[in-house]
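Student: The residues making up each chain are set out below.
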Amino acid sequence: MRSVIRTNEFTLAVIAALGFAALAVATDFNLLTAGTLDAFLRFLALPIVIGLAQMVVLAVGQMNLSVGVLTGFCAVASGWLMVDAGLPAPVAVLAALALGAVVGLVNGLLVIFTRINGFIVTLATMTILEGLRYGVNGTGTYQGYSPGLREFGQASVAGVPVVFLLAVVIAVAVALFFRRTVPGRHLLAFGGNPFAARLSGISNDRALVLAHTLSGLLAGFAAVIVVAAFGSVNASIGDDLLLPSFAAPIIGGVALAGGMISVTGTVLAAFLVRLVDVSQSQFDINRRWVDLIIGAVVLGAVLLGQFRDKLSGGPR
Amino acid sequence: MKTETAPEAPAVPPAAEPRPPARALPVWANPRLGLLIVIAVLVVLFSSLTPAFLDPRLTLAPLQADISVYVVVGLAQLAVLSLGHMNMAVGRMAALSTFAMGLAYDRLGVPLLVGLLVGLAVGAGIGALAGLLIAKTGVNSFVVTLALDFGLLGLVTILYTWATGGVSFAVQPSGLSALRFDTFADYCMGEVCGPRIPLVVPIAVAAALGVGLLFRHARLGREILMTGSNTVAAELSGIPTHRRVVAAHALSGLLAALAGFLLAANNGAFSANIGESFLLPSFLAPVLGGTLLAGGAVSVLGTALGATLTQVIYKGLNLLQFSLEELKLYIGLVLLAALSLDRLRAVLAERRAVSSS
Numbered sequence: 001m002r003s004v005i006r007t008n009e010f011t012l013a014v015i016a017a018l019g020f021a022a023l024a025v026a027t028d029f030n031l032l033t034a035g036t037l038d039a040f041l042r043f044l045a046l047p048i049v050i051g052l053a054q055m056v057v058l059a060v061g062q063m064n065l066s067v068g069v070l071t072g073f074c075a076v077a078s079g080w081l082m083v084d085a086g087l088p089a090p091v092a093v094l095a096a097l098a099l100g101a102v103v104g105l106v107n108g109l110l111v112i113f114t115r116i117n118g119f120i121v122t123l124a125t126m127t128i129l130e131g132l133r134y135g136v137n138g139t140g141t142y143q144g145y146s147p148g149l150r151e152f153g154q155a156s157v158a159g160v161p162v163v164f165l166l167a168v169v170i171a172v173a174v175a176l177f178f179r180r181t182v183p184g185r186h187l188l189a190f191g192g193n194p195f196a197a198r199l200s201g202i203s204n205d206r207a208l209v210l211a212h213t214l215s216g217l218l219a220g221f222a223a224v225i226v227v228a229a230f231g232s233v234n235a236s237i238g239d240d241l242l243l244p245s246f247a248a249p250i251i252g253g254v255a256l257a258g259g260m261i262s263v264t265g266t267v268l269a270a271f272l273v274r275l276v277d278v279s280q281s282q283f284d285i286n287r288r289w290v291d292l293i294i295g296a297v298v299l300g301a302v303l304l305g306q307f308r309d310k311l312s313g314g315p316r
Numbered sequence: 001m002k003t004e005t006a007p008e009a010p011a012v013p014p015a016a017e018p019r020p021p022a023r024a025l026p027v028w029a030n031p032r033l034g035l036l037i038v039i040a041v042l043v044v045l046f047s048s049l050t051p052a053f054l055d056p057r058l059t060l061a062p063l064q065a066d067i068s069v070y071v072v073v074g075l076a077q078l079a080v081l082s083l084g085h086m087n088m089a090v091g092r093m094a095a096l097s098t099f100a101m102g103l104a105y106d107r108l109g110v111p112l113l114v115g116l117l118v119g120l121a122v123g124a125g126i127g128a129l130a131g132l133l134i135a136k137t138g139v140n141s142f143v144v145t146l147a148l149d150f151g152l153l154g155l156v157t158i159l160y161t162w163a164t165g166g167v168s169f170a171v172q173p174s175g176l177s178a179l180r181f182d183t184f185a186d187y188c189m190g191e192v193c194g195p196r197i198p199l200v201v202p203i204a205v206a207a208a209l210g211v212g213l214l215f216r217h218a219r220l221g222r223e224i225l226m227t228g229s230n231t232v233a234a235e236l237s238g239i240p241t242h243r244r245v246v247a248a249h250a251l252s253g254l255l256a257a258l259a260g261f262l263l264a265a266n267n268g269a270f271s272a273n274i275g276e277s278f279l280l281p282s283f284l285a286p287v288l289g290g291t292l293l294a295g296g297a298v299s300v301l302g303t304a305l306g307a308t309l310t311q312v313i314y315k316g317l318n319l320l321q322f323s324l325e326e327l328k329l330y331i332g333l334v335l336l337a338a339l340s341l342d343r344l345r346a347v348l349a350e351r352r353a354v355s356s357s
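Residue numbers (our numbering), protein chains in the order written: chain A, 1 to 316; chain B, 1 to 357.
Because the hints were derived from the structure by calculation, they are not lab data.
Even glycine gets a Cβ: it sits at the ideal position worked out from N, Cα and C.
Check each hint, because a few of them may be wrong.
One side only, chain B facing chain A, incomplete, derived with CB under 10 Å [claimed, not checked]:
#, residue
1, Leu133
2, Asn140
3, Val144
4, Gly151
5, Ile158
6, Thr161
7, Leu280
8, Glu325
9, Leu344
When you get a sec, could you build the whole thing from the sequences and use the hints?
Tutor: Put into structure tokens, the structure is as follows:
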């Protein structure tokens, strides 16, 4: 029991629950009305998936700076397929997922073939994708595409938005991948100690490529959520996703050095960030205070983690 | 391939560069030489495609002013890359510092130089704060400065709203417009006038020289590099590594503040959006110039050349009517190509060195 209480996830869960309760009371339980709760969860789906996309590469000690812009690029590309090319929605959805995975694969291949730091490689591909994202449709907006897909984005099952359920399913799948499957364990082993992993017969190159491809695929899923839930897409999508993509895993206790992940922590952290966001709109606070608060929370979470490690005698 | 010298070479500060650790590579494997050739080829290409590229007043003077800003931005990142750290808040540190400058000019009416010093002090202070957090807690510099970036993003906008009710100061301290518009050609001694170089260029050159000398000859700079190369060994050799970490981050903040000032001078306004475009170029310039992310070695000359290359590409494609977003596509491709070539060159050079020994 004590070992559960001591985990980062438990602390986050308590903070998230207290924060949610406090916000519910402070808004005279407006938060718990069907409409508000629905919007709260619907726009929680994107931060969760984006945070997971970053977490997958953090697991092998890499970073993916292109994750936000890639989401935007996939979203705009699927908009183009539906509106300009006239293809049915399922094709556009599959294409967005494939596009994300392919760009992730390219990131991974560039990292292993050039031996350049992943930070720099994805910085370069981020810049290229920014150009491509704009190249699809300029400053124009795609809207009025596939009613079925937009209905999917607005649909709810028993008061819970379907896109949120999709994000939860993705999170569970990612957790199972890292916990139960051989490639998932290989990624973590490589992230923890590349040399030891290689000596145990794990291909370092394969682990790097797999992590980047998965990250791209998750960005593709994030794009599908955007296309479905937002109802319109343009070239600015993804600009404000880069910092949150790091905030969620870092607050959630994922180590930048690799080898250690926390899906629960990442999801809870995304929940916390969304909580700050909602209180901003509920109380009509200056949007900029949110950034200030999130910055303080990220730093606080990291410092708290260090402090806890010191108390329990060295890092876990 | 033409390799003749550029008709008018862009401002390249003749800064010192510490040699990377003993690895005898042939001359042609020097990444700085490659950058110089690429810049020369691009200048020839752009000026043959559009003669407006060589217009001294409309193109070359603004180009030199832009290069000056981004050389200093690159140096701000280089200051912490020397440790193997990153400064994700480089743009927002510049924004906070220029806010302090604007406030000093607006409320206290101080002269140009005093306001600059106030801003530099604020930049160095916020940088030192980041360094202190990193050194004391041992948390990754990426995380600390990313969180700081978030925090400052909010703080700067709130401060501007509080002080100006908008997003920029209306004040124009005397001398700012000279920095913005004048070149040395406007100052004559009798018949002899200066070259058509904007007044901000010497400031950037001085900064590059200062940083180059610091890392090459000063004890502080050498100790920072040793800390970046191997913290444990540096600690055991009696170097106060924590203080060196704080010093490097303070230097980064100081240079970010200087870059913010130069951009404010170029724009003619102290506004909240200063620094927004700093993050990517801050990494581009040093990395193109051959500075590693691992720490322990820096190249000031390479950073200056890297900044020059990116600004030449921006300016050239801009004149050829490319949109800003299309520019990004090409900048990214150039970065990837340059880095891959660099890697290829290093591998080839090492192979040759091995086979000839």
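Student: Of all the hints numbered above, which does this structure not satisfy? Sort the numbers upward.
Tutor: The structure conflicts with no hint, since it agrees with every one listed earlier.
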